[in-house]
Amino acid sequence: DVKVTQSSRYLVKRTGEKVFLECVQDMDHENMFWYRQDPGLGLRLIYFSYDVKMKEKGDIPEGYSVSREKKERFSLILESASTNQTSMYLCASSLPPGQVSYGYTFGSGTRLTVV
Amino acid sequence: QKEVEQDPGPLSVPEGAIVSLNCTYSNSAFQYFMWYRQYSRKGPELLMYTYSSGNKEDGRFTAQVDKSSKYISLFIRDSQPSDSATYLCAPPHSGNTPLVFGKGTRLSVIA
Numbered sequence: 015d016v017k018v019t020q021s022s023r024y025l026v027k028r029t030g031e032k033v034f035l036e037c038v039q040d041m042d043h044e045n046m047f048w049y050r051q052d053p054g055l056g057l058r059l060i061y062f063s064y065d066v067k068m069k070e071k072g073d074i075p076e077g078y079s080v081s082r083e084k085k086e087r088f089s090l091i092l093e094s095a096s097t098n099q100t101s102m103y104l105c106a107s108s109l110p111p112g113q114v115s116y117g118y119t120f121g122s123g124t125r126l127t128v129v
Numbered sequence: 812q813k814e815v816e817q818d819p820g821p822l823s824v825p826e827g828a829i830v831s832l833n834c835t836y837s838n839s840a841f842q843y844f845m846w847y848r849q850y851s852r853k854g855p856e857l858l859m860y861t862y863s864s865g866n867k868e869d870g871r872f873t874a875q876v877d878k879s880s881k882y883i884s885l886f887i888r889d890s891q892p893s894d895s896a897t898y899l900c901a902p903p904h905s906g907n908t909p910l911v912f913g914k915g916t917r918l919s920v921i922a
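Chains as they are written, first to last, in the numbering used here: chain A, 15 to 129; chain B, 812 to 922.
If you are wondering where the hints come from, they were derived from the structure by calculation, not from laboratory data. No incorrect hints appear here.
Using 35 Å as the maximum straight-line C-alpha spacing, the simulated DSBU-like pairs for lysine-lysine come out as follows:
{"#": "1", "chain 1": "B", "residue 1": "Lys-881", "chain 2": "A", "residue 2": "Lys-69"}
{"#": "2", "chain 1": "B", "residue 1": "Lys-853", "chain 2": "A", "residue 2": "Lys-32"}
{"#": "3", "chain 1": "A", "residue 1": "Lys-85", "chain 2": "B", "residue 2": "Lys-867"}
{"#": "4", "chain 1": "A", "residue 1": "Lys-71", "chain 2": "B", "residue 2": "Lys-878"}
{"#": "5", "chain 1": "A", "residue 1": "Lys-69", "chain 2": "B", "residue 2": "Lys-853"}
{"#": "6", "chain 1": "A", "residue 1": "Lys-84", "chain 2": "A", "residue 2": "Lys-69"}
Short derived list, chain B residues pointing at chain A, Cβ under 10 Å:
{"#": "7", "residue": "Met-845"}
{"#": "8", "residue": "Tyr-860"}
{"#": "9", "residue": "Leu-899"}
{"#": "10", "residue": "Ala-901"}
{"#": "11", "residue": "Leu-910"}
Quick reminder that beta carbons are idealized off the backbone N, C-alpha and C, glycines included.
Chain A with its partners taken away, still in its complex shape (with noise of 0.2 Å):
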């Protein structure tokens, strides 16, 4: 039945380390999102993308960097993974705007922790 696939439920990583958030979607969807949601925050726009190889920052994109090297496929980067990155990472998809289907769908979501 679906749709978007975030590549972990959970991760613990150590301060300083390389982290990479995979997200795979299976509806041919032209965009593609990374938030991260915090208590009392909500949810904050990381990176997006509206095609391949396309990137755009979102209102927090330090401390990340993100990889679309296939239309079904964005990864979220974390250059030196730091304890202020300890989040709950999703993924979204979504058609253009204007499309009947239009909205986003979203992945379960990584709860990474860094130590």
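Based on the hints, put chain B in the right spot on chain A.
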């Protein structure tokens, strides 16, 4: 002023109650509005969306927009324990720009 404001709750109601969840927004350019529901330890899922006038009903859920006061509401009739979740409003910008989400209201429906 933030683009979307939402009371975080938590909101606790007895089963069968009518629930009203609300958002205010500041950007008059918002054309339509979405509500997402997020169960604990899951990603948000699209619940319903409505254009910037009138009401939209879907089963026990009704979405309402008041453009004059920049206020959007989600009503849940005959609330059930399975409605216990966090509800996020998301009024999209025009054009292909990312959604802006409210912080979410956490709802608990007690049996």
